[in-house]
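These protein sequence lines map, in sequence, to chains R and H.
Mapping to the working numbering: the first sequence position 134 is 134, numbers consecutive.
Mapping to the working numbering: the second sequence position 59 is 59, numbers consecutive.
There may be inaccurate statements among the hints.
Claimed, not checked - Take a look, some chain H residues computed to stay more than 10 angstroms from chain R by CB distance: (1) Leu45; (2) Gly89; (3) Ala92; (4) Ile96; (5) Val99.
Stated by the list, open to error - Cβ-Cβ distance ranges computed for the label pairs, FRET-style: (6) Lys79/H / Thr178/R: 49 to 55 angstroms; (7) Gly66/H / Gln4/R: 43 to 49 angstroms; (8) Ile88/R / Ser43/H: 26 to 32 angstroms.
Quick caveat, the hints were computed from the structure, so don't treat them as lab data.
Even glycine gets a Cβ: it sits at the ideal position worked out from N, Cα and C.
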Amino acid sequence: MTDQITLERELVSRAREGDSEAFEDLVRMYQDSLYRYLCRLSGNGEDAMELTQNSFVKAYVSIRRFRGESSFKTYLFRIATNSWKNTIRDRSKRHHVDIEQVSLASAHNPHEEFEQNQERRKFWSLVERLPARQKQALVLRVQEGYPFEEVAKVMGCSTGSAKASYHHAVEKLKLAVTGEDR
Amino acid sequence: MKACQDRVRELLPEFVQGTLEPQQMIRVADHLDGCAQCVLEESVLRRLGDEVLPEPPPWFWTSLPGKITSEADARRKRKMRLLVPAWTGGLAAAAIVVVTLLQPATAPGPQTPEPDFSIGGTAGMFPLGLEEEILPVSGMFIDDLDQVFSMDLNSVPDEFLSTPDLILEGDGYETMDEETIQVFEDLIDEMTPEGVGKKVMS
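Next comes chain R alone, as it looks inside the complex (with noise of 0.2 angstroms):
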């Protein structure tokens, strides 16, 4: 870890010397997470896809500007945390998680399987539904492993308030689980 962390500031200090190839190793090294971050927070690939795309070139644009801060990953998901905020403003139309996509559980019973389907559309359904600071915290706590202060840095918020997020969003989940939020 302090490995990567050393690295990190090494490809970030020669990418701000105008080093593109230093950025594409920084690129290379977090395309993989924040892909998955955009795809859980926009619901779908191909948002996803642009969003990273447009999130890098953003902090390629304006590595200079970076002071170090906080990580260059916090750096990188802040901006695309924001990308994916002024896309949503902009688009009337909400996306849904590809729900074609997502692993199903191995049954062979074809009702049981239908049943749990059903079950897994339901609780995606409600992910997608949580308003979006609910669902930035979820995603950057739970599927991205952040910390609390690193969450409230990505969200630029305090870290209570990036815990209460949290707590909201996991609380509605279980309602949804246990059938209570009917």
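Could you slot chain H onto chain R? The hints should help.
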């Protein structure tokens, strides 16, 4: 349904991912044995972790670094293009101001029409080229100035004819020095009983 307030709850994401230290893993597992709320939360987190995301096509990753640098360069160029008109516009405005300010001092003499010293020529009635400079001031003065033009050149004081301070620009009149204006006014008052001079000054 009341949420569990145990601090262990905050470790559940790492527990689900298996990234906790062994001691912490045991602590969380012990807690889960007696807390239904955290068991439920754990199941939610496991569901979230089970999500399978659509994979982008392989070409996306291979072409991404090149696309980023080319798109960034294109954006920089677009930004530069947007900046150029503002910069050149400012420069043009500054150039106009500078030229306007310098014009009286640098205005070449030859731009003034050659004085007509022939009989009936304007030079014989008024200071060199002055009538041509004043006339554009305002059409309403033309008739009055016709009376001024009929003045005898001999009655114009020498200092008025030779003054180097008689600088005409725009409407011309306000750039004369006070002494010259006074001479000019006195001359008009003297020569035009209807008070044409007052009208010129108003």
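Hint check results:
no., hint, result
1, Leu45, "violated (5 angstroms)"
2, Gly89, "holds (25 angstroms)"
3, Ala92, "holds (30 angstroms)"
4, Ile96, "holds (35 angstroms)"
5, Val99, "holds (39 angstroms)"
6, Lys79/H / Thr178/R: 49 to 55 angstroms, "holds (53 angstroms)"
7, Gly66/H / Gln4/R: 43 to 49 angstroms, "violated (24 angstroms)"
8, Ile88/R / Ser43/H: 26 to 32 angstroms, "holds (29 angstroms)"
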